[in-house]
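All chains, full assembly: derive it from the sequences and hints.
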Amino acid sequence: MSKDYSIAADNDGKPIWKFLLSELKPKGKILTPFNIISVPVILLGIVLIVIRFWKGIGSITNLTQEVPWGLWIGFDVVTGVAFAGGAYVLTFMVYILNMKQYRSIVRVTVLNGFLAYVFYAGALLLDLGRPWNVINPIIGNNFGVNSVLFLVAWHFLLYMIAQLIEFSPAIAEWLGARRIHRILSSMTVAAVIFGITLSTLHQSGLGALYLMAKEKIHPLWYSEFIPIMFFVSSIFAGLSMVIFEGSISHKVFFKQISEKDHQAQTGIILGLSKICAGAMFAYFFLQVLVFIHERHWDLINTPMGYWYLLEMLGFVFLPMMLFFYSYRRNNIKLVRIASILTILGIILNRLNVTVIGFRWDAAVHYVPSWMEVVVTLTVIFTELWIFRWVINRMPVLRDAPSWAKHHE
Amino acid sequence: MSINRRGFFKVLGITGTALAIGRELQAAPKGSNDIEFRGILYDSAHCKGCHGCEYDCADANGLPPPDPAKDLPPVRKTSETKRTVVNEYNTSKGKVFIKMQCMHCNEPACVAACLTQAMHKTKAGPVIWRGDKCMGCRYCMISCPFDIPKFEFHSANPKIQKCDMCFNRLKTGEMPACAANCPNDALFYGTRRQLLSEARKRIVENPKLYVDYLYGEHEAGGTCWMYLSPVPFKELGMKTNLHKGSYPALTKGFLYSVPSIFVLFPALLLGIQQATKKENQSGEEEV
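As given, the protein sequences belong to chains A and B, one line each in that order.
Residues 80 to 487 (my numbering) make up the first sequence, in order.
Residues 10 to 296 (my numbering) make up the second sequence, in order.
By construction, these hints were calculated from the structure, which means they are not laboratory data.
Owing to the predicted nature of the structure, the values given are computational and were not obtained by experimental measurement.
It is possible that some hints are incorrect.
No more than 20 Å apart at the CA atoms, straight line, and that leaves these computed lysine-lysine pairs for PhoX-like [what the hints assert, rightly or not]:
no.: 1; chain 1: B; residue 1: Lys79; chain 2: B; residue 2: Lys102
no.: 2; chain 1: B; residue 1: Lys243; chain 2: B; residue 2: Lys253
no.: 3; chain 1: B; residue 1: Lys104; chain 2: B; residue 2: Lys243
no.: 4; chain 1: A; residue 1: Lys293; chain 2: B; residue 2: Lys180
no.: 5; chain 1: B; residue 1: Lys261; chain 2: A; residue 2: Lys293
no.: 6; chain 1: B; residue 1: Lys86; chain 2: B; residue 2: Lys132
no.: 7; chain 1: B; residue 1: Lys248; chain 2: B; residue 2: Lys180
no.: 8; chain 1: A; residue 1: Lys179; chain 2: A; residue 2: Lys293
no.: 9; chain 1: B; residue 1: Lys217; chain 2: B; residue 2: Lys102
no.: 10; chain 1: A; residue 1: Lys179; chain 2: A; residue 2: Lys353
no.: 11; chain 1: A; residue 1: Lys293; chain 2: B; residue 2: Lys248
no.: 12; chain 1: B; residue 1: Lys57; chain 2: B; residue 2: Lys104
no.: 13; chain 1: A; residue 1: Lys484; chain 2: B; residue 2: Lys248
no.: 14; chain 1: B; residue 1: Lys243; chain 2: B; residue 2: Lys217
no.: 15; chain 1: B; residue 1: Lys168; chain 2: A; residue 2: Lys134
no.: 16; chain 1: A; residue 1: Lys339; chain 2: A; residue 2: Lys106
no.: 17; chain 1: B; residue 1: Lys86; chain 2: B; residue 2: Lys261
no.: 18; chain 1: B; residue 1: Lys102; chain 2: B; residue 2: Lys253
no.: 19; chain 1: B; residue 1: Lys253; chain 2: A; residue 2: Lys293
no.: 20; chain 1: A; residue 1: Lys179; chain 2: B; residue 2: Lys286
The following block contains the structure:
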């Protein structure tokens, strides 16, 4: 292993603050394409965020009184959380079903999920008009217990804690804290069980948020089953993201991954593609049932109907078949294409419910301003910076130090 | 006797999520009929479109005076500076005016949506907004079927603006400003029960003048504001496709499932975890 990736276990004797200071310094090349693109965007985003808090949300967004939730909620939160669903699915497979072959990708997935939640909750603060009151539902001023959003807010908070516990052994390994590592590792299964329960409820809860907007959402996307749809689709949304993100990480962080894990990757991707195909089949079947049940045949032959068909056939049925086919043929490239199609399909679906199909009949449609897009990119890029920082320091992709192994 | 909805949600929330070690659980009211909501009956056959209520409303709530002449065409909407507007429609029976403001639903979607109870249904009937609780999430706006809560998008300290039926005036025994000052007797203030009988009386006494429909009696599960009109409400731009039941009830199924999932899932997951663990220990060698 190269010297760059030395960890604290090798730094015993060095004061902890000195170690932390040295870890804060950047590692690796500075002028990478990612840095060249992300730094200006982040700087611009920070300026826009300052303007937003100074002049109000309307100063940089195109939100209207009829469409009060736009890109920041519809994409950052609702779509982002669906993609973060990989963490609960994988921890379920590894810690509950004991499917050990997926163990090597659990840590990176949990890290991804954790950062996603932290940053999407952070993005939520940007969208709150009165963010200084954000602690009110937590401290009881007041507990709005009959609100779906109350449930979602609490679940975000608790799930972040659960994910932090799941990931914490990696932090302990980085710091060389052996005794704490033993305690934290013993909490993993409890955190996983709690986390899966929370995820089930808030993945569906994000859909349940829209149940009261009955006449506002296009009938092809509104049904009382939105919560179930959101939950089932979060399974393959999360796994597709794991496949997609994994294939990028494997290139970018190539050096960190052991030979054994490299070889296991093909099996992992094929296994995940099988699960995706199964979950998508269930989802597609549910969608067909709901469609028939709601009797919306008359709406199919309209522009929104074609849009609906495109989503269902082009971005659910097609990638589902691709997942099936590529699993049968051991075709990794095709799995990746299917995962990208699925990711696009999830974005399409969540935006159709929250933005495109919301007030579809309004005279003036909401289209996000370029500034909303820049702020969204700022959130994503900042998350990736933190992600890279952690990957380059803690044993996430690479093997845990040998002393940590017997704690598991 | 069945437990009423809000009482149920309170119990549900406290036991179910196990998160809200809630406020003291008040004994549920004996029946929803015990609460007498106040409301206003708007009679568009009486309204002459003087816009006086708009001025009175702005005056009573410290909002800038409206300028109905300036922003007339085609349909004015309530906004962050206008809690009420009166619009003019050319209908099958000539010019008819219609006043828009918060309907003060019996079971308001905005109140069920609010995660801090900043939106609050008072016992007297008005739905009020409490700034010290609100975090500005705008979920009330998403949920309101009448699109009533308005948000100050261009303020660093934004408020939700909506009609609160002059709650502060009600507390001192006064009528809402619009109802107190209407020169044409178009606004009738009273308990919801009084409004219903008054409205029915007017329809019965003048069957040729009114369409036989009381808007607000069943819309969104019943509202405190109710409307009489000489023409079908569709011609007046009113939302006629609304759900006739309570909007908060739409999320009931989901919220009901929360406690069962919270109790059953961990047990189930732990069971599976134990089962697969044993199998691995006896059968497989270490991976």
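Hint check: Lys104 (chain B) vs Lys243 (chain B), CA-CA at most 20 Å. Holds or violated? 14 Å, holds
With a cut-off of 20 Å on the C-alpha distance, tell me whether Lys102 (chain B) and Lys253 (chain B) pass. Violated - the C-alpha atoms of Lys253 (chain B) and Lys102 (chain B) are around 27 Å apart, more than 20 Å.
Distance restraint between Lys339 (chain A) and Lys106 (chain A), which requires alpha-carbon spacing of 20 Å or less: Given pair Lys339 (chain A), Lys106 (chain A) is violated - Cα atoms ~25 Å apart, limit 20 Å.
Below or equal to 20 Å on CA atoms is what counts here, so check Lys86 (chain B) against Lys261 (chain B). Since the Cα atoms of Lys86 (chain B) and Lys261 (chain B) sit roughly 31 Å apart, the hinted pair is violated (cutoff 20 Å).
Below or equal to 20 Å on CA atoms is what counts here, so check Lys243 (chain B) against Lys217 (chain B). 18 Å, holds
If you draw a straight line from the CA of Lys179 (chain A) to the CA of Lys293 (chain A), is it 20 Å or shorter? Distance of about 44 Å is beyond 20 Å: violated.
Hey, Lys243 (chain B) versus Lys253 (chain B), does the alpha-carbon distance stay inside 20 Å? Holds - the C-alpha atoms of Lys253 (chain B) and Lys243 (chain B) are around 16 Å apart, at most 20 Å.
Within 20 Å, alpha carbon to alpha carbon, are Lys179 (chain A) and Lys286 (chain B)? The given pair, whose Cα atoms are some 11 Å apart, holds under the 20 Å limit.
Given the hinted pair Lys293 (chain A) and Lys180 (chain B), is their Cα-Cα distance within 20 Å? Distance ~34 Å between Lys293 (chain A) and Lys180 (chain B) Cα, so the pair is violated.
Between Lys79 (chain B) and Lys102 (chain B), does the CA-CA distance stay at or below 20 Å? 26 Å, violated
Does Lys261 (chain B) pair with Lys293 (chain A) here, judged by a C-alpha cut-off of 20 Å? Within the cut-off at roughly 14 Å; holds.
Is it true that the CA of Lys484 (chain A) sits at most 20 Å from the CA of Lys248 (chain B)? 64 Å, violated
Going through the hint list in order, the structure does not satisfy hints 1, 4, 6, 7, 8, 13, 16, 17 and 18.
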